[in-house]
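Engineer: Build the complex from these two chains, which are given one at a time in their own frames, with help from the hints.
Each chain, written out:
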Amino acid sequence: MTTTAINTKKMTMIQGVRDAMHEMLKEHDDVMILGEDVGVNGGVFRATEGLYEEFGEDRVIDTPISESGIIGNSIGLAVNGFRPIAEMQFLGFIYPAFNQLMTHATRLRQRSMGRFTVPLVVRAPYGAGVRAPEIHSDSVEALFTQMPGIKVVVPSNAYDAKGLLIASIDDPDPVLFLEPMRCYRSSRTEVPDGKYNVEIGKASVLKEGDDISVFTWGAMVIDTMKAVEKLEAKKNVSCEVIDLRTLYPLDKETIAASVQKTGRAAIIHEAPATGGVSNDVISLINDTSFLYLRAPIQRVAGFDTPVPVYSLEQEYLPSTEKIQTAILHAVDF
Amino acid sequence: MSEPKHEALGLERDQLLSMFKTMLTARKIDERMWLLNRAGKIPFVISCQGQEAAQIGAVTALNTEEDYILPYYRDLGMVLHFGMTIQDLMMSGFARSEDPNSGGRQMPGHFGSKKHRIVTGSSPVTTQVPHAVGFALAGKIKRENFICLTSFGEGSANQGDFHEAANFAGVHDLPVIFLCENNKYAISVPVDRQLSCERVSDRAQGYGMPGETVDGNDPLAVYEVVKKAAERAREGSGPSLIETVSYRLTAHSSDDDDRSYRGREEVEEARQKDGIVTFAKYLKEHDLLSEDEEKDMHNSIQKEIDKATDLAESAAYAEVETTFNHVYDA
Ligand SMILES: Cc1ncc(C[n+]2csc(CCOP(=O)(O)OP(=O)(O)O)c2C)c(N)n1
Ligand SMILES: [Mg+2]
Numbered sequence: 001m002t003t004t005a006i007n008t009k010k011m012t013m014i015q016g017v018r019d020a021m022h023e024m025l026k027e028h029d030d031v032m033i034l035g036e037d038v039g040v041n042g043g044v045f046r047a048t049e050g051l052y053e054e055f056g057e058d059r060v061i062d063t064p065i066s067e068s069g070i071i072g073n074s075i076g077l078a079v080n081g082f083r084p085i086a087e088m089q090f091l092g093f094i095y096p097a098f099n100q101l102m103t104h105a106t107r108l109r110q111r112s113m114g115r116f117t118v119p120l121v122v123r124a125p126y127g128a129g130v131r132a133p134e135i136h137s138d139s140v141e142a143l144f145t146q147m148p149g150i151k152v153v154v155p156s157n158a159y160d161a162k163g164l165l166i167a168s169i170d171d172p173d174p175v176l177f178l179e180p181m182r183c184y185r186s187s188r189t190e191v192p193d194g195k196y197n198v199e200i201g202k203a204s205v206l207k208e209g210d211d212i213s214v215f216t217w218g219a220m221v222i223d224t225m226k227a228v229e230k231l232e233a234k235k236n237v238s239c240e241v242i243d244l245r246t247l248y249p250l251d252k253e254t255i256a257a258s259v260q261k262t263g264r265a266a267i268i269h270e271a272p273a274t275g276g277v278s279n280d281v282i283s284l285i286n287d288t289s290f291l292y293l294r295a296p297i298q299r300v301a302g303f304d305t306p307v308p309v310y311s312l313e314q315e316y317l318p319s320t321e322k323i324q325t326a327i328l329h330a331v332d333f
Numbered sequence: 001m002s003e004p005k006h007e008a009l010g011l012e013r014d015q016l017l018s019m020f021k022t023m024l025t026a027r028k029i030d031e032r033m034w035l036l037n038r039a040g041k042i043p044f045v046i047s048c049q050g051q052e053a054a055q056i057g058a059v060t061a062l063n064t065e066e067d068y069i070l071p072y073y074r075d076l077g078m079v080l081h082f083g084m085t086i087q088d089l090m091m092s093g094f095a096r097s098e099d100p101n102s103g104g105r106q107m108p109g110h111f112g113s114k115k116h117r118i119v120t121g122s123s124p125v126t127t128q129v130p131h132a133v134g135f136a137l138a139g140k141i142k143r144e145n146f147i148c149l150t151s152f153g154e155g156s157a158n159q160g161d162f163h164e165a166a167n168f169a170g171v172h173d174l175p176v177i178f179l180c181e182n183n184k185y186a187i188s189v190p191v192d193r194q195l196s197c198e199r200v201s202d203r204a205q206g207y208g209m210p211g212e213t214v215d216g217n218d219p220l221a222v223y224e225v226v227k228k229a230a231e232r233a234r235e236g237s238g239p240s241l242i243e244t245v246s247y248r249l250t251a252h253s254s255d256d257d258d259r260s261y262r263g264r265e266e267v268e269e270a271r272q273k274d275g276i277v278t279f280a281k282y283l284k285e286h287d288l289l290s291e292d293e294e295k296d297m298h299n300s301i302q303k304e305i306d307k308a309t310d311l312a313e314s315a316a317y318a319e320v321e322t323t324f325n326h327v328y329d330a
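The listed protein sequences correspond, in order, to chains A and B.
The first sequence begins at 1 in UniProt numbering and counts up one residue at a time.
The second sequence begins at 1 in UniProt numbering and counts up one residue at a time.
Among the hints, erroneous ones may be present.
[Stated by the list, open to error] Here are the simulated lysine-lysine pairs, DSBU-like style, with alpha carbons at most 35 Å apart:
(1) B:K184 x B:K227
(2) B:K41 x A:K322
(3) B:K21 x B:K284
(4) A:K230 x B:K41
(5) B:K21 x B:K307
(6) B:K41 x A:K10
(7) A:K230 x A:K252
(8) B:K227 x B:K41
(9) A:K195 x A:K252
(10) A:K26 x B:K184
(11) B:K228 x B:K307
(12) A:K226 x B:K41
(13) B:K28 x B:K140
(14) B:K114 x B:K303
(15) B:K273 x B:K21
Rather than coming from a laboratory, the hints here were simulated on the basis of the structure.
Computed from a predicted model, the values in this text were never measured in an experiment.
This is chain B alone, in the form it adopts within the complex (with noise of 0.2 Å):
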């Protein structure tokens, strides 16, 4: 029998306990959400359900001391992983003053924190993306090391934006990883409405890099992808372009109703492989996780979730004289 695989990517049990911890957390604070949002307490969610593993096994190849993601809005479990935590995030759907994205000022789901080295982004998609390339060549001209992983949908590599930051990229070798998380649906629009070419991954060819597309339901198999990426960008080779194909197991966000555009046994299919169950299960084939331990996790996380929901409901606002801070600097 074959060497398992995350032997041979040299992850540990507590790496790979932890990958799967931190997957589950966005998972349930996203569960959470929606409840809220039904119950009509938070106005918006827009979800990370379904693409937790590659989020996760994309963030597990870079350096929370050193790195930095400009991320978009599904990446949850990104953000947990370079230090939100749980009741940050809470405060945010709640739109509190507490929020550390913006206080209370953004949608849910639009991250930024300085000091956890995410880098602010908005609601129009891919804006974020040519941020991420001059984010890299101030590191390259100031010589620090970091690399920069931008990701987006694989609609919104569609916009001109993609283009003209990945051509940048490629032109001057930055160390940038542009992670295109396909969750096969812009809204409501399919990928093959979407794109002419087969692969997102396709387009790096036309900007000069490598382009790959990997299973985004197996953290391991992107780990992997990232993980070359990273190393390239590190030693001043260039830029990556790597896609993620996996499936949006929510509608679009809580104003959405995806019954008017996919059925519902698709969805039912693709539940079958999300990637919170099938790592779940590779633990525990390979006995690094006990049917206790699971459980305890589910609890410990759930606990955290009730006390953080708690805590930002009674939370206040931002005062309204606030609204004219930070306009200008003065």
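Just chain A, with the same shape it has in the complex (with noise of 0.2 Å):
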């Protein structure tokens, strides 16, 4: 139900982020913000700013900081009616709701055979490289990949945060919409004025190619993009890079597509390697598209190891320099 949007603005993407929950809640009588310092304070990263003014505080509530009661909280109010956007301050500290997201969140409308249901969504800011304390800039988005009954999405820019977010407070099931802090105001994208969609479950194609498939999502997409643009104009090669957008559910059909048109493929993530999100990219190539591969994929992602502090956050995350390495030896293989 996408409405054709008249206007656009150039925005950042927290301002994308803003921009859809000032949509939805002017829209829909049942959107509903509940989040600590999300109020008066308009979000630490200012997500939520001016909502608290105009639409009140039965609609935008500060909470007491407990992520149990937000999720919990949330939950009962989905199940009775309201579709409500609760915030995490950060993803790191959504722990102590793990229980809530695990154990109902995601279960209650197969256990109640659809009868009750969790149009719930759970915004969070996440992601290194802004020089956060500690537990602040871990990626765990595969913590919730492996979550059946949840939907995991990722924008990178104003414009998909803005359509993504709509799309996950439309959505009938829990949706976890991470925000990589590293976007937030890294750039600038045209967004239109009032609703519009960006489906869920759909990646994006920034850029086409015809050697390599580089697949990646959220803050990676910067280093990504860099990366390959010098990497080109050096050398006689041609990448196809994709945002994947949503991580949960995959989409099988354009990662297939890259990967049979270019015969090779690299995932960049910043969250550790062992249990990452590529592995689930890698099984899907090797399942769809194994006969079209001419090297080994190739992926860059962080330690096995927490996100060290900003003196070297650097060093953890995947550089331009790894990023290239790995497309040229899949390349030259």
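Structural biologist: This is the structure:
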């Protein structure tokens, strides 16, 4: 149900996130926001700026500090007819609520044979590279992609953020909406006024190419695009870059079609390699496109350690050099 | 005229001056951290300002050779009292490898030092509170005589971890002091949006322990109630919940702008009650501190902070390879 949008505005990703919530609060009485400092303060990243003033304290609720309460209460609201958007101040603070997500949000539908449902969105800033303290920087998306019953979405720019957040709020099932902090203000994109959807489960081909398919998401889109542009400028190689945008469910068609065209693949993510979503992408390629491959699939990921603090985090993160090396390794194989 | 409070409590002049000096040191380190942050030299500050009196009052009632603390991020005063140095704290602020808390791995304010009996903690609020309970249970089983003091903000007293820990400690009569440093805000959210009871200490009853609320700007008042709680814990009578009420004089952290949620008059009013100011006045009124002594104290602390700042600034970050250290035993 996409309405045609007339005007566009250039905005940052955080503004896109806010715009989506503003639009949905305005249009739908059943949408509400719960979280720490989301009200008067407008959110620690300003994602909810002005929403409390415009929609009041019954629809934008400053909660006590208790994530299990925020998500548990939101589940109750959702089961009884509302569409809550629960903000985790950082993804690293979601763990007290893990129980509510794992044992209820994701399972209520099935165990009640579809009679109780949880149209809940959990928003959470995450990721390294913003000189944040311990726990604030981890990329733990894979903890949630292995939770059947919840969808996991990660925008990397304002347009996708707004469209995906609207789609997430409209989705009848729970969605974990991950917001890479490094993308919040790193770029501005044209964003239509009003309501529009970016479909959950659809990847975005950021750049077409012939020799290798490079899959990534979140803040690593920035580094991957930079690495590819520089590499193509000096080497005779043509890269296709795909922003997965949804990590569960993965966009099987787009991934397979691209690999079958290029015959090579690299996956870039900042989460630790072991257990990372890259493994699901590799499996998907194995299942759909094994005989098209001309080189082993490359992977550039974080180390199997906690993300170190700012003094060392650049060493932890996949760098443009590491990304370029991986691409060349596949192409020159 | 009645006996001065410190005499009634049995506190000597050098103890009082040492309390004041630690409070002042904590404040001055914190002020330096803000300057360094605003100059772009350190990425993050989270302050003790406004809570030094509560912190120092509390730890003065403990035995630093025997007891343990599981503090939270504002407890700069506590960790100084337990033996961390200005240099240690500067190394931590600059995230240098010589930071004794974590070798530059953690954010400033996340204290931990085995040798100083400070059990390491992390960013998710209130997670240290059940650790204190288990730590105390281990001591009880091993028949050791220490007590544990764990501290947290009033907003953090709403996490399940607090309630689960307090209940367990109450059931098992463990030697734990739950010290809630109520500074009236949890980032932007005022107490009345956090708590449905009037005082955090009202919750003690539900967990079978005494609860008390005390003026957190008065280190002597805090000392008195913590002393009582420590005696109770040490004789095996179980835990206590103490709430110190003061005010957060700075923004929540260097990433926060408190102008969006509280008025300047309110902050100014709180400054009048600042424990550093009122305790200095108390000491002077009782001829325990002269203007000159106070000035000397300021100067000598400042000098030490300057020296530590220079040292930390020129110290090295941890080597990249150390990222892999200590994830597992081997
Ligand atoms: C589990 C968890 N949720 C959220 C946060 C983010 N956060 C850090 S401090 C803070 C406010 C804490 O308020 P309070 O307990 O009153 O302590 P104060 O900072 O006021 O001393 C919040 C919400 C966190 N660190 N951990
Ligand atoms: Mg507080």
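Engineer: Could you tell me which of the numbered hints above are not met by this structure, giving the numbers in increasing order?
Structural biologist: 8, 11 and 13
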